[in-house]
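Line by line, the protein sequences are chains A and B. Under numbering that gives the first Met the number 0, the first residue of the first sequence carries the number 0, and numbering increases by one thereafter. Under numbering that gives the first Met the number 0, the first residue of the second sequence carries the number 0, and numbering increases by one thereafter.
The hints are simulated quantities; they were obtained by calculation from the structure and are not laboratory data. Model, not experiment: these values are computed from the prediction. Accuracy of the hints is not assured; some may be wrong.
[Claimed, not checked] Simulated coverage check for chain A against chain B, where a stretch passes if three residues somewhere in it have a Cβ under 8 Å from a Cβ of chain B:
hint, segment
1, 23 to 33
2, 55 to 66
3, 110 to 116
4, 203 to 215
C-beta: ideal position from N, C-alpha, C; glycine also.
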Amino acid sequence: MTRKPPYFILYSIMLRELTELFRYRDLLIQLVIRDLRVRYKNSILGFFWSLVNPLLQVATITIIVKYVMRLGIPNYSAYLLVAFLPWTFFQMALMDASQSVLMHHDLLKKVYFPREVLPLSTVIANLIHFLLSICVFFAYLLILGTPITIGWLMLPVLILIEFLLVCGIALFISCLNVFYEDIKYIVSVLLNIFFYLTPIMYLSEMVHKGLTAIGYEKWFILYQLNPLNAIIIAFRKLLLPPYKVPPERTIAEQFKNMPDMAFDWRFLAIAAGVSLIIAILGYAFFNSRKWIFAEQT
Amino acid sequence: MKKSIELINVRKAFRLVHDRASSLKALALAFRKPKAEIIWALDGVDLTVEYGETLAIIGRNGSGKSTLLGLIGNIYRPTEGRVIVNGRAAALLELGAGFHPDLTGLENIYLNGAILGIRTKQMREKVDEIVRFAELERFIDAPLRTYSKGMVMRLGFAIAVQVDPDILLIDEVLAVGDEAFQEKCYKKIEEFQHAGKTIVFVSHDLDAVRRVSSRAVWLDDGKIKADGDVNNVVNSYAEGITSG
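All chains should be modelled from the sequences, with the hints used to inform the complete structure.
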C-alpha cells in the first residue's frame, strides 16, 4: 500500500466534516430562520430597520461629500451605496459571528451537532439581508434612471466570493472568541479602521492618484491584493457605469481630470482564490478546535 | 457480537484552570503559564452495554456521571481509550436546550427538533403529536416567555422523545413536572424499552433507578465501584452514603 500524501488526508477529513454538516442542514436553516425572526419579532417595520441604518449613513455621507467636500461626482449616492451594502454585510456578519459560538455555550455542553452551524447561520442570515438590500438598491437605480449594466450578470459570483471570505473569517474569529473574549473587541476596532481603508466613501481611483502623487504607485497593486478591496471595487465597476467627473464641479485639485480606471479582472480572480483559501483554512482551524468548546469553562 | 455501547479503558481529563487567561491582556501579562490542574473526571472506565439494555448510573456529585453521558453522546472526546457507540445516541440532557423565549411554542418545536437532529420534514408530521403530548394546544402560538416553567419542560420532553434514537441518554429529567407528567415520562421510557432501545439513565433518585432499570453502575471518583443487578448496586450505594 502506498502512503497517502498528507493533503489527501486533510481533504478526506474535510469531506467527512462537510458530509456531517450537510446532514444537519435543517438545523442550519432553522437557525437562520430563528435569527431573522427574533431580530424583528417585536418591531412593526421589521426588515426595513436593517435598511434604515445603511440608508441614513449613506444619506449623511452623500451630503458631506457632495456639499462640504464637493467632489462633484454625479449620482455619488449610487457609487457610495454599491460599496456600502457589501460592506454592511461584511461588517454585520462578522460582528454577529464573533459572538455566535460563545452565545450558545450552554447548548454545546448538552447536545451534539456540528458546531460550525453556529457561525455559518449568522453569516447566512446576514447574507439574506444583503440580498434584500441589493433588491432595494436595484429599484433605487431604476428610479435614478441609471443604466443597468451587463455586469449585473456577475453579481452572483461577486456575492459568492464575498460569502466565502466572510465565512472563512467568521470561522476563525468565532472559534478564537471562545478562548479569548478580546477577539470581539479587536474585530469591532478592525472593522472601524477597515471602513476607512476600503474604497467605500471614496473611489479606488483616488487611492491610485494619491499613491502616484507621492511616488508609491506600486502600492496600489498591494491595495488591490486585499480581497475585500478587490471585491468592493468589483461591485462598483461591474454594477455601475463608469463615472465622469466634470472638472469644473470639483474643488479638490488632485481629483480633477481623474478618469475612471478600467476594471482589472485579475484582482477579482486573486480575491476569489484568496477567499477560497481563507474559507478552507478557517474551516480547518475551526474543526481542529470545535470539540473542546464544550470543555471550556 | 456487536455491543450497543462499548467503553474501553476510557480516561477523560479536564483542565481546571485557576485564574485562566480569558483575555489576551491577561495572557500577555502572565509571566508564567496559567496554573492548570488536570482533573481526571473518568479514570479508566470499562463498560459494555448490550442492545436493549437499560443501564442506570449512580454516584455522588462530581463522580463522573455526566462526563460519561457526554462521552457516549459525542459531546466530549475521550483523552485516552475508546468509546464505541453503535447507532445514534441522543441526549435528554436538559430539556428545551436552545429554546428561544421570543419565539412561539410552535417555532421552538421546529428549532429544538433541528438541534436534536430531526429533519424538518419529519417534524411537520410529528408536530400535532408533540403539542398533544405536551398538553399545550391552547398556547402553542404564544411566545415561550409567557409559558410557565412546567409548560416549557413538558414541551421540551415532548420534542425530545420524538428523536427516536437507538440509544437514549437521560440525565435527571424525571425530576421535573407534576406527578401526572412524570407518569407520562415513565410510560414513554417503557415504550422505548419495549421497542428494544438502549437507555442510559443518570439519576440521584434511587426509586426511579430501581423502577426503570435492571442494571446499575456505581461511579465513584471517575472509577466504576460496582456494576451489576440494580438492587444490589443501589443497596450497597445507599449503605455507602449512610455509613459515610
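Do the hints match the structure? See the list:
1. 23 to 33: holds (count 8)
2. 55 to 66: Answer violated; 0 residues pass the 8 Å Cβ test.
3. 110 to 116: As far as the segment 110 to 116 of chain A goes, the hint holds, because 3 residues have Cβ atoms under 8 Å from chain B.
4. 203 to 215: violated (count 0)
Comparing the model with each numbered hint stated earlier shows that hints 2 and 4 do not hold.
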